[in-house]
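Protein chains in written order, with my numbering: chain A, 4 to 548; chain B, 12 to 140.
These are calculated hints, taken from the structure and not from any lab test.
From the three backbone atoms N, C-alpha and C, an ideal C-beta is built for every residue, glycine too.
Careful, some of the hints might be misleading.
[As the list claims (entries may be wrong)] Coverage of chain B stretches by chain A, computed from C-beta distances (three or more under 8 Å per stretch; other residues unrestricted): (1) 14-28; (2) 33-39; (3) 87-98; (4) 104-117.
Spelled out from the first residue to the last, the chains are:
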Amino acid sequence: MAMLLAPFIPVLLALGTGGYLFWNHAQQGVLERLTLLSEYNARVVDRFLDDFLGDLTMASLQLSEYPDASGFDSVFKTLAVKHKGLVDIALVDSKGAVLAYAGPSVYKGTHAVPGRWLDEALERGRSVSSVVSGQVGFPLCVVALRFNAGDEIFVMRASLDAEIIPPLFTVGRGEDVDLFLVNPEGEVIAGSGGQVLTRDRALVEHVFMDRLGTTFRDSLSDAAYSSTVMSHGGWILGARKQSGALFSVADSALLFLGISLLCGGIIVFLSSLYLTGYVEKMLRQRDEEREKLREQLYRAGRLAELGEMAAGFAHEINNPLQIMKSDQAYIEMLLQDFRARAKEDADFLGDVNEMAASVNQIKLQIDRCARITHSILSFGRAGKSEAQNIDVAKFIPEVLIMIQKKIELSNIALRVEIPPIRLVVHVDPSRLQQVLLNLLNNAVYAVSETAQIRLGEIVLACSAEGADMVRIEIRDNGAGIGEEQKTLIFTPFYTTKPAGSGTGLGLSVCHGIVESMKGVLDFTSVKGEGTVFYVLLPRVPSSLE
Amino acid sequence: MDDALRVLLVDDEESYLETAAKVFRRKGVDVELCSIGKNVVEILRAKKCQVVVLDLKMPGMTGQEVLREIKGSLPNVQVIILTGHATSDDAAVCLTSGAFDFLIKPVEMSHLLDRVNTAYEMWKLSPDN
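Isolated chain B, as found in the complex (with noise of 0.2 Å):
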């Protein structure tokens, strides 16, 4: 199995997703980029992204049905969430239905790294790999 670090990107900003994939590819990061909520699941499946960068307020399927949606179906699956509309509540909310962090925007792209490869870590971690 291929386990070298692939990153699904998840947002409604697409200039977002193209700027960040050019950083991340240049870290030497594999990326992937979703910006429909619904897909996600579908994508992590056939593309075997270890790491999901979630935006929550997306039209459709919101951050958090996502969220739960990944834990549910890929519970190993290490999710950031990365959102600029955040309360409290949504980060207690998000980080009991088992996101691995809860990062507010904007946040600096080599913090964001560090925090995708720490989770990248966690994942190893998991029993099942």
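Excised from the complex, chain A in its bound form (with noise of 0.2 Å):
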């Protein structure tokens, strides 16, 4: 399981930076077109604000001229026609006794409103302040402008409606940004949204106030601001982007984001599931072979342990054997007089002759000994062969004629496969054919065993191992080899023919045969279904031979 999410880790790193950096880059912008937002608008309200200002001024000219109430009526009216927003306007002398007063309230007398603006005014020349609740019930921005007339000074205060304001406001189309005019102690005078004089701290952040010029991402409330200083009356000019709207730019890259997770996923998961199909099966098949070697190796060391020991056992063995043959011989020679002496006497003939037949006896079993070491002798026989380039294909004819009589005998079909090509191999022939022959031998004996169930059959057949190598089989349909024997198969003595009629030395021999021939010999075998012997032998390159 951890094999197949490996390769996911540096998917999701990809992935996972790809999307951090379109996300920042995303985030920028937005925090860019927030600033360029509030810039903007500060700078056409900050414009609106001279306009007035500087009609102020023109208005202050007429009235230093004809400083009278009828006067500052027109004065009122023409300013009213431009400006829709205008409540009311009112002349007062520095102390802040109105002189005059036009607008919709009927407003006599010498009160004014004092306030800030009329202190800035007289110190400034000019004073555009934040909005108070005027007497008429809305919020109103008020704008001061100081004047001489003579050596009197004067001063002339607007008030404006604050809802002139928002309509200045730009914002692109589609655009989900908030934008308002803030004073300088927080309060919103203006907001788009239509948000006015309102002392909800909800809608301006401790944090805006906190780094006023700045344009920022307030991720506790989850929204990006950006505010700009206005040149008049220390008014800010605030723009405010929720997070929300931030997300639905980076909705269409998240989603592109997530199905090529998904995609490069599944990808990622076949093919690891694939290739970690495909390891494990090598890893398998790895395993399966090194263990088949070692248990090759393993009987192979055990064999030539066992074959080195039984040649001992031989060689220690044929000296006694010789001389129970020598004395056998001698006993006969005794025998042929004593049968010479006894003519006459009848009994002592039968005597002799019964003696002999004991002694033919011995000399038949002697015989058998001389067998089996011979055999095993040439079992540990190493080294020292007549190797010579053998044709595969002509050579197995001539090793099939020496038992061919047999095999017909047995009343079994006999086939042979050879390929059409050259396989040659370089080895002593006259061992070849042992093995072979023993073989054949092997196979005719477990078809004969079969032969009441169904007809037997035996395939010799040779083809090409791999580039390398050769392969020779022999199939049979006879008995097969039962699964405890199989381990046995190779080890001297072991034989499942009656006593006296196999030393169990055949395969073992062969065993040692074709590995001095640097092949292998092996096989495979169902039990009652029969069985396939294969000798695979070094194959002499055609460019060799």
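Hints in hand, dock the two standalone chains.
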């Protein structure tokens, strides 16, 4: 499972990095846009106020020439034509006493609303002050201008409806951005959403006031802010974009990333599934091969050991056998004499003949022992073979001649499969012949065991095994080899034949011979169905023939 | 010179020597016995044997060494190797060292006698005789 998940890590890293960079870029874009919007709109509002102040200046020039109430009314009318949001104007002296008033309220007297606007206007010449809740009930923005008429100082005070500011705001179509004008105290003067003079702190966060003049993203309120401090009244123009809107910018990107992740994930998953399976299969195959090799080595080692031991025994047994042989020969000579002497004595002659038969039995048993020891010795025989290049296709028929009669007499069908290619091996022909005859004899024996059940068939086939080996196999449909026999089959003296008819050395001798040819002798078998013995021998490349 | 067949049997198995000698003598063949390799050449010179039946694995001097010594000093003497410790390498070495034949124990005494007689014929053919 870990192997399956591991390939996801680079995919996730790549997509994550890409996604993060894109997100950053998108966020940066949004912040830049916010900055632009706040700066632009701050300038627009500034310009509007400049314009209004300019008009007030023009009016003050007119007033300084005709400082009476009738003139004041016409000034108000002229201004109101241009500025729809103009609520009223008042002329006050430096003490704040109202000299003249024009507007919707019927206002007479000397009382004026004192405030910072007066101080500021007197001090700096002009004042744009924060919104106050006007006497008429809606929020007002007070613009004041100082002017001189002769030696006297007057201040012209104009109230503007704050609602005229939001229409000045410009926001791109479809842009989900709130713009609002804030006074230095943090009160909203006007907002694109219609908010006016509210102390609703949810609208403007502390953090906004703390970071005036900058653009930033506040993760706490999940919104991006940009603010520009205006030249008039210390007002601030703020722009806000909720992060939800920010997300919408990245929505398509997220979708794309998601699909990429999904597709990439599926591809990676499938390919890693395939690769994992492949690697697992390879590993298992390697393990099996190693196990097989280990078994072969173990078997070869054990066989060599056994062979060596058996050869030692054989050598030691040959000497006493020779003594028996010579004694048996001597006894036979003596018996010959006895026979001559017993010519007239029938009883004695009978005894002598009985003894001769007994001695003959001894001779047969000595010969049997000799056969065993000689087989063992040929098994342990090493080196010095007359190896030569043999064309297997020509060699096999020669071998078959020797056993064909026996096979035919046993009523067994013999099939030979030889491909029309040259398969040359470099071995001692007599030894290869010994191996093949041994295997064929075993096949005949195996088939004869099931002769009553089915017609026996033996196939002798040769073929190329890979690029550098030749395979000769002998298939039979005989009794097959049982599981418990399979491990013992190459062991010296192991035989399934009745006592006396096999030494149990044939296959171990063959194994030794094939091994000395740098080949492999092995088999596959299904009990009750048949057996395939195969010999793999190094193939002589046609260039070296 | 007495040319009648005289065989020297060399083996460290005394009981084999005794029985084999009886069989040979009954067949009318004169036999000398020896169980120690280094005495072989000396006996051959003294008894004038034409054929030696020689074992390979013996204590002291081995059969191969004895064979080389015989062929070195008495090249006409025919040597039949009769051994239980037979490998094809041994056979090749012995035959190239001049052994007349290489037999593996146990061997039929009649066969051994045949080979001895053939070796004797061979000895007769050698130019010095």
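Taking the hints in turn, this is what the structure says about them:
1. 14-28: holds (count 3)
2. 33-39: Since 3 is at least three, the answer is holds.
3. 87-98: holds (count 6)
4. 104-117: Result for this restraint: holds, n = 3.
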